[in-house]
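Taken in order, these protein sequences are the chains called A and B. If you count the first sequence from 1, position 286 lands on 286 in our numbering, and the numbers rise without skipping. If you count the second sequence from 1, position 171 lands on 171 in our numbering, and the numbers rise without skipping.
Simulated from the structure, these hints should not be mistaken for laboratory data. You can take every hint at face value.
Simulated crosslink set (SDA-like; lysine to any residue; CA at most 25 Å straight-line):
{"#": "1", "chain 1": "A", "residue 1": "K383", "chain 2": "B", "residue 2": "Y404"}
{"#": "2", "chain 1": "B", "residue 1": "K436", "chain 2": "A", "residue 2": "R386"}
{"#": "3", "chain 1": "B", "residue 1": "K439", "chain 2": "B", "residue 2": "G143"}
{"#": "4", "chain 1": "A", "residue 1": "K383", "chain 2": "B", "residue 2": "S264"}
{"#": "5", "chain 1": "A", "residue 1": "K383", "chain 2": "B", "residue 2": "Q263"}
{"#": "6", "chain 1": "B", "residue 1": "K7", "chain 2": "A", "residue 2": "S340"}
{"#": "7", "chain 1": "A", "residue 1": "K341", "chain 2": "B", "residue 2": "P375"}
{"#": "8", "chain 1": "A", "residue 1": "K341", "chain 2": "A", "residue 2": "L380"}
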Amino acid sequence: MTVTVSPHRRDGDTVPLIMWTVALALFPAFAVGLYVFGWRAGYVTALSVIFCVATEAIIQKLRGLRVTVSDGSAVVTGLLLAFVLPATVSWYVPLVGAIVAIGVGKQAFGGLGANFFNPALLGRAFLQFAFPTQVSMAKWPIVAGVTGYGRLACDVAGSVDAVTRATPMALLQGKPGVPWSSIVDGSPFGPPMVWLLPGAIAWVLFAVLVIGAVVGVYVSVRTEGRLAAVVGIGALLLFGVMPTGDISFGMIPGCIGETSAWALLLGGLALVYYRLINWRLPAAYLVTVGVLAAFLPMKTAGGEWVALQWGRVMTHVLAGGLFLGAFFMITDMVTSPLTSKGQVAFGILAGVMVALIRIYGGYPEGVCYSILIANAARPLIDKYTRPVVFGRRPPKAAAA
Amino acid sequence: MATHVRKFHGGVHPVDPEKARTRSLAIEDIPAPERVVLALQQHIGAPAKAVVKKGDAVKRGQPVAEAGGFVSVPIHSPVSGKVVEVGTCRHVLGMDVPAVVVENDGEYTNADGVGEAVPGADELTPEEIKNRIRDAGLCGMGGAGFPTHVKLSPPPDKPVDALILNGAECEPALSADHRVMLESAEGVLKGVAYLRRVLERDGKLPATYIGIEDNKPDAIEAMKHARLNVDVECEIVPLHVRYPQGAEKQLIYALLGREVPPQSQRGLPMDVGVVVQNVGTAFAVHEAIDLGTPLIGRVLTIAGDAVGKPANLRVAVGTPVPGLLESRDVAPDAARVIFGGPMMGIAQYTSDLPVTKTTSGILVERGPIEQRFDPCIRCGRCVEVCPMQLVPTRLSVLAEARMYDEMAEWGVIDCIECGCCSYTCPANRPIVHQVKLGKWLLAQAQKKARAQQEKEKQGKGGAA
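Put together the whole structure using the sequences plus the hints.
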C-alpha cells in the first residue's frame, strides 16, 4: 500500500492550466491588435513568444534544470511583452526584450515564482531606454482612409498614404483641461456616441454606470467575486454600445495589445470568473486612476490651476495601457501581494503612480513604471498585511 | 432561527460524489469477528492498562483495561470469550501499541449491568453521569479521541455556558454521523440531555446547539422531529457546506462567533465557555446510561474509488479491517488504504489494523497521487482558504529551505492540518506534510533544549 500524506484529494488545478488560461484570455486583445495593426502585429507577437520560450529553455538547460517551458509561463511573458510594443518594431527589439524579461527578470531570480518584478514589464522598461525611438514614439504611423470604425493599420509598407497620428495619451500629455471632444474631433477615432447625445441622457447613463458599479461591488462582496464577472459583462455591453466608441473598441494608435479596453475586459473577466485573478486588484487600480484623473489639479498654459476635469476620467481609464496593466500585468500572481487587503493597497499604490506620472511627469504612459514600482513595494505590503492567526488575541489580552 | 450563522474564514468546497453514494446507505450491523484486537491506545492521553491476562474469561462489556490516568479511558470487550493474547497491534499513527486479543465464543454473555438501563437515570447527579461516561470508556468519536469526561470537567475558572453537538461531518465521502442522526435521532438527543446535565452550573443548563451541514436536510428534519419526543432544549442549526465546517474552532465561530485561541496559546473550546461533542459521542452517552452499554462498537463508512460496494457499518471495536473489506468488492488494483476521511485521514501501509473508537471511515483508493511539485507561484489561494488565517505558502517555502525556527514564527504550531491549502495548491505543494514535519522537528528541538537545560541544572547542583 502506498502511504501519502493528507489531504488525499486535490482540486485538480495546476500551474500550466493557469498559465495557458491566461494566454487564452489574452486572445481577444490579440485579435483586435491583428485587426487594427495588420499582420505585423502577429509577426512581432510570434517573435516575442518564441524568443521568450527559447531564452527560458536555454537558461534552464545551462543551469541543468528541468526545462519547464511547457508550463506556459514563458508564453504568457512573451505575449505580454509583445502587447506593450508597437507593431512597427524591428525583429531585434523583441529579442532583446525577451532576453531581459526572461533572463534578467525571471531566471536570474531563480525562475518561476521567485522573481520580484513582472518580467514582461522589466523587459519593456529596458527597451524604453535601449530603443526609445522604436518603442515610445508619441506619434504612430497609420494608414488613413480606411472604412468602418476608422480602422487603422500600421504603415509597415511605408505607404505614401501614410499619415501620422498621435496616441490619445500623447495628445493629453501636459495639457490640462483638454476636453474629451478635442481628442476626438477630426481624428480617426470616430465620434464617441455619448457626446452626441443630449447632455441629460449622457448624465443619466453616467449615473447608471456609477450605481451599477456600487451595486456590483456590494453583490460581489456577498457572492465572493463570481458576480463581479457578471456585473462586468454589463459594463462590456455598455462600453460596446455607447459612450466611448472607438477608444474602448481599440481602433486607435498604440501598442499591439493595449488599445482595446473592451477586448481586455473580456479576457480579464474570464480570469475573474475562473478565480485566476482577484477582482479587487484591477478594480482598485482602475478606480484610483479614474478618481485621480478627475481631481488632480493641473496648471494651464495661462498659469491657472484647473482642478476638476471629468472629461479626463474616461480617457485616462480607457485609452492607453491601463486595462492591459489592470487585468494582466498588475495581477501577475508572482509579483502581487498574497492577501486581498494587500492587493487593494497594491492597486491603489500603482494607481497613484500612474496618475502622478501621466499628469505631472514627462511621459505620457505610466502603467509600466507604476507596476514595477508597486512590485518593488510588494514585500513590504505583504509584511504589513499579513493575516492575524484565527483566535490569536492581542498580546495585552493574552498576558492578562 | 439560523439566519445569523456566520461563515468561518476560508475553507474549500471539495467535489464529493462519494458522499452522494454513501449518504443513502442504511447502517448495516456486522457481527463481531472470531477475534477482536483491542488496542489499549484508542484515545488521546495515557494508554489504558490491561487488567486481564492470557487465558482469562471475559464477558461482553467487561473492561479489559483500566484508564491509565485522568486523561485516559478504559477499554471494554465487545464479545464474551477468552483472552488469547496480551501483545501489541498497529496504531493508525504507525507505532505499535499494547493490545488485548479476545477470542469470541459467540455467546455474547453480558457482564453485570450491561444491557440494562442505569437505575434511577433521571436522578443521577452530574458527577455520577460523568463517572458513568468515564467508566463506559467514552472518547470523542469524530477523530481525535479526546476523553469525553475530561472535556466535561472544565476547571472552575473556565465556566462553560454552551454545548455544541458536532453533526457537520464536513469530511468528503463519510456519512457515518449522518446515518446515526438519521436512524438514531432520539438516542442522540437523549445523550445530549445527559451531557447538558453534566454541564449544569448554578442551576443553569448550557445553551445547546446541534450544528449540521445543510447538505443533510434529512438529518436536520430527523433531529427536529425527534425533539418532539425527547424533551431537550436545543437549537438545531443548519450550517454552510464548507470544509472544515466540523473543525472545532471553526464550528464554534460559525455558531457563536467566539474565537478559540490557537494551539500556540494552548487554546481549548472551554477557554471561550464551550464544550463540543460529536453527535456519535452523544449517542454513545445514551447507550452508556440508558442501555448500560460501554463504548464497544461504532458506525463507520467504507468508501473510496476502489470500493465496489461502499457501506455504513456498525462494527465492534477491535474488528480487524481486512475482514470488513472482504465483502466490499475492493478492486485488485487498490493502492491506498486511508483511515479517516479524504482530507485528514491517515494513509496506512497495510489494512491490517483493528477498528478503534475513533475510526470514522476507511477509504480504499486506486493509484498513487502525483507527488512532484512545482515552485510556489504565490497565487495566494492557500492564504485565502486557510481557516486559521495562516500563510501556508510561507510555511511551505520555509520548510523547503529547512528554516524550521522561522516556521514557528509564522504560526506552524497553530495549523490544524485540515489540508485546505494542499487541496487547492495548483503547484501541488505538500504543504500539510511540510507543516507536520516542521512541527515534529520543532518539538524534537524543544525536547533537546529542555534536556540540555536539565543537564546544566543538575551539573550546577552537583558542583554546589
